[in-house]
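Chain L is fixed; fit chains E and C onto it per the hints.
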Amino acid sequence: MDIKGYLLPFAGALAVFLVAFLLFDMAIMNMQGLSLIFYK
Amino acid sequence: MNGPRSRKTGRTVKTGLLLVTFGFVVALVAFALSGFDQLGAIAAEQEVAADAAAASPYGPAPKLTAADYPSIAGINSRVAVWIFAQLHLWFAAFVLAVPIFVFIIEAIGMRTRDKRYDDMAYEFIKVSITAYSLTAVLGGALLFSLILFYPHLFTYLSTIFKESMIYYALLFFAESAALYIYYYGWHWLQGGFKKWVHLTLGLVLNAVGTTLMLLANSWLTFMMSPAGVDAAGVFSGDAWAAIHNFLWNPINIHRFVANIAYGGSIVGAYAAFKFLTATTKQERAHYDWMGYNANFIAICALLPLPFAGYYLAAEIYAYSQQMGITLMGGIFAWLFIIQAVLIGTLFLSANYYLWCGMGRSDGAKRYTKYIKYIAIVLVGAFLVWFTPHTLVLTNEELKALGGPYHKYLGPLGIMPAKNTAVNVMIIFTALSFMFYRRANKIATVSWVNAGNAIQVALYTAGIANILFLGIYHGYFTNTVYKVAASIPQVLTTLIVIVGSITLDSFIYRGGKQVGPLHWGRIPGRAQYALFLLAVSFTWLMGLMGYIRSGIRQHWHVVDIMRDASPDAFTPTLGYAANVVSVAAIIFMAMVIFVFWIAQVSGNKTLPAGYWKE
Amino acid sequence: MKIPRLLQAVLVLAGVYYGFIIVFDILLDAVIPSSLLAMYMFFVVAGVFMVFTYDEDQTRELVAPIKALVEDPSKRIWRNIVFAVVPLVAGAGAYMQMQPSFEAPLELRTIHPAPPTTAKIFGKRVNLLKLENPYRKFEKEDPEKFRELVEEGAIVYIQNCQYCHGDKLDGKGPYAAGLNPTPLNFQDVGTIAQLQESYLFWRIATGGPGLPKEAAPWISSMPVWQDFLKEDEIWKVILYLYDYTGHHPRSWESE
Chain L
1 MDIKGYLLPF AGALAVFLVA FLLFDMAIMN MQGLSLIFYK
Chain E
1 MNGPRSRKTG RTVKTGLLLV TFGFVVALVA FALSGFDQLG AIAAEQEVAA DAAAASPYGP
61 APKLTAADYP SIAGINSRVA VWIFAQLHLW FAAFVLAVPI FVFIIEAIGM RTRDKRYDDM
121 AYEFIKVSIT AYSLTAVLGG ALLFSLILFY PHLFTYLSTI FKESMIYYAL LFFAESAALY
181 IYYYGWHWLQ GGFKKWVHLT LGLVLNAVGT TLMLLANSWL TFMMSPAGVD AAGVFSGDAW
241 AAIHNFLWNP INIHRFVANI AYGGSIVGAY AAFKFLTATT KQERAHYDWM GYNANFIAIC
301 ALLPLPFAGY YLAAEIYAYS QQMGITLMGG IFAWLFIIQA VLIGTLFLSA NYYLWCGMGR
361 SDGAKRYTKY IKYIAIVLVG AFLVWFTPHT LVLTNEELKA LGGPYHKYLG PLGIMPAKNT
421 AVNVMIIFTA LSFMFYRRAN KIATVSWVNA GNAIQVALYT AGIANILFLG IYHGYFTNTV
481 YKVAASIPQV LTTLIVIVGS ITLDSFIYRG GKQVGPLHWG RIPGRAQYAL FLLAVSFTWL
541 MGLMGYIRSG IRQHWHVVDI MRDASPDAFT PTLGYAANVV SVAAIIFMAM VIFVFWIAQV
601 SGNKTLPAGY WKE
Chain C
1 MKIPRLLQAV LVLAGVYYGF IIVFDILLDA VIPSSLLAMY MFFVVAGVFM VFTYDEDQTR
61 ELVAPIKALV EDPSKRIWRN IVFAVVPLVA GAGAYMQMQP SFEAPLELRT IHPAPPTTAK
121 IFGKRVNLLK LENPYRKFEK EDPEKFRELV EEGAIVYIQN CQYCHGDKLD GKGPYAAGLN
181 PTPLNFQDVG TIAQLQESYL FWRIATGGPG LPKEAAPWIS SMPVWQDFLK EDEIWKVILY
241 LYDYTGHHPR SWESE
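Chains as they are written, first to last, in this note's numbering: chain L, 1 to 40; chain E, 1 to 613; chain C, 1 to 255.
Looking at chain L on its own, in the form it has when it is part of the complex:
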């Protein structure tokens, strides 16, 4: 397995994406904008 060319970028990108998605979830779930759709 190509460690430097594949595994490192994979691990790095995975970590970044996971954190980004988590922050994104928190932002959306707490956002007031949600009430635009679920206003009841």
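Source of the hints: derived by calculation from the structure; they are not laboratory data. Small disclaimer: the values here were computed from a predicted structure and weren't measured. There are no misleading hints in this set.
Here are the simulated SDA-like cross-link-like pairs (lysine to any residue), alpha carbons at most 20 angstroms apart as the crow flies: (1) E:K369 <-> C:L6; (2) E:K63 <-> E:V234; (3) C:K145 <-> C:D232; (4) E:K441 <-> E:L517; (5) C:K213 <-> E:R562; (6) C:K172 <-> E:G402; (7) C:K67 <-> E:G524; (8) E:K372 <-> C:E56; (9) E:K407 <-> C:G166; (10) E:K372 <-> C:M41; (11) E:K399 <-> C:G166; (12) E:K369 <-> E:P523.
Chains E and C alone, transformed into the frame defined by chain L:
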């Protein structure tokens, strides 16, 4: 005055013209819609004035008895209206959708200057021309049967929607005019400025068509979630309030997207039909290409469709718990299992078509080894997607389980599991498409390995996030978060799809082609996948349309106008499914007629010795 | 040695089928309903078909043995055997399916029928769309009082409900085994977690006899609790049901 610069200016002017027209059309539509508002206001003022003299000009909704429903020639009124409405809707969905993507394909052709696109767009609109007159005929039949069989309902609705019905009729003329000029003027309005006029005409056609649909939608959503009337059904005079009722926009969004997917699938079936009957290699190549594009349109519109549907269902639930439970937990729940099965069939056949299509490229071998894994995930997600909430158990199984609920399968029966499954299905369908795109390409950038690694990481993180949202919010928080979590799930899916396509376009920038694509090199089986797509869509629309209408139960207008006819009961699921299936077969027969008539105009017979020389 | 593709396909299908049975019936000790397994297998077959036939060469390989069986003159004996055995197996299958059994026919009972818009409860006509639990507000406003109410609900539950619905609210009370349909399991994510409190109020107050038309055949033995409990007792017991199971009633308000 000649040279690249002035040509560019010319194009800018034309783009500007198009934009101005578009703005004008939007303004017109907005004005027409706000017109109802003003009309309503005027009517309301008049009403206030009239109130002083007499009571409201509008009476309450009539209270009917069985004697108010004419029985004509022993015809079952409900079935007559049902079948006409359904056939009208199928054709209408088709003829509203075709101009939308014909417009886009025509624009792509103008941009790329590839005549094949223009020819394809023309062929698509040709198919829809016959369907257009059938739509009008069936619309007339629906109107007649409503007036004949349900005169009081029609009278009540027309007192509320009288203005919009007039506008509807006028817009229908505009629609016909725009469509006929657009179709018959296709070869006349070619090249330079004329082509822009033609494209603009396409835009007008779409604007009018969409407005027509919005108006018709408001009538039926009024029957589900009445607004602008009081509890007795006395109309306030505010037509806009009646149009802009609670479920109007959820239905509008859902129908708009679904129509495009449906239209794509029908023209896909047309291309498959032509492919299978083609006699020459060129013809096969042409219709293979056309089928591919039609399938692409259908998939693009299919991907957001589950979300539009979920939004509609969530709004129905929010509007009335009673309707919501009738819809998904009560008597109609089993039709939703059929729906789930059919939607899964759509995804599976669309994927199968893509996989078969990889045979067109000589470079596909590098990716086909992954297909079985995509299939495993798709089928797995699909099984979760249609696992019913209430299981059908034999008495022995009931005893073995100790009750009607299954510890492990039960939790798969509720919406969070379904949402998660459908997002995974969509992501993997997108993945199939990515492989298809890559099949014929070789990347030449130096960072190709790292790029692929980032792609894989994006998919992994996206799927992990979807699973997290589905499991955590779906099972460990309250309803508001359960429903709300579907939004970041959808957005994650979109981010993964858009992100990976963007990244891919960078990886393959300046890339090489493996070889020419062999259009027409696709097994006949793949064409049957296209047929399956069209048939599944048709059946699905019929069944779900019945549910949408059926959740009103014994009401013409929910809680306001009661259905007192002998047919006010909710039929058994088997009966309803039979009616819808018969209607679907009639529709399919008519569609085959439309396909046949589209090619008959190209047939020529030379009768030797018939005419005088 | 390479396994022929047709055999591969058959092995995959058999593996999935017995995999389901082994996992559910043996490892998890919760049988997989045969109706569901049939549906699952239908689409597993479809998936296997798709994977084995998307490529022209591989499809030819897949159907080669079948083709040879039908067309190859040297396979005459095999052909005759297969053509005799297949109809026999099909006939036996049909016979087994149609054979009458002592098993009662399946019943599709709607467990959560849609509620009516209004219902007559405690002599009043109440609008079920708007009805709310009068005590729910204390969850935030006065947590101590809320705890007290939940405990009062618990007493009502233990005195009246646990005989059937169980002391763990899992539908396995001492009398449960004698009832068909079995009492509801409130722990399940598909029951009270999906419903509004007004729905529970309606079901508890009017019981089996208050079931609407669509819930045929109305065989629930749930008593009409409005004849035995007071209105506030029903609301308190609802608090307890949600509190104990950790579920939240369906609502449209964020916490």
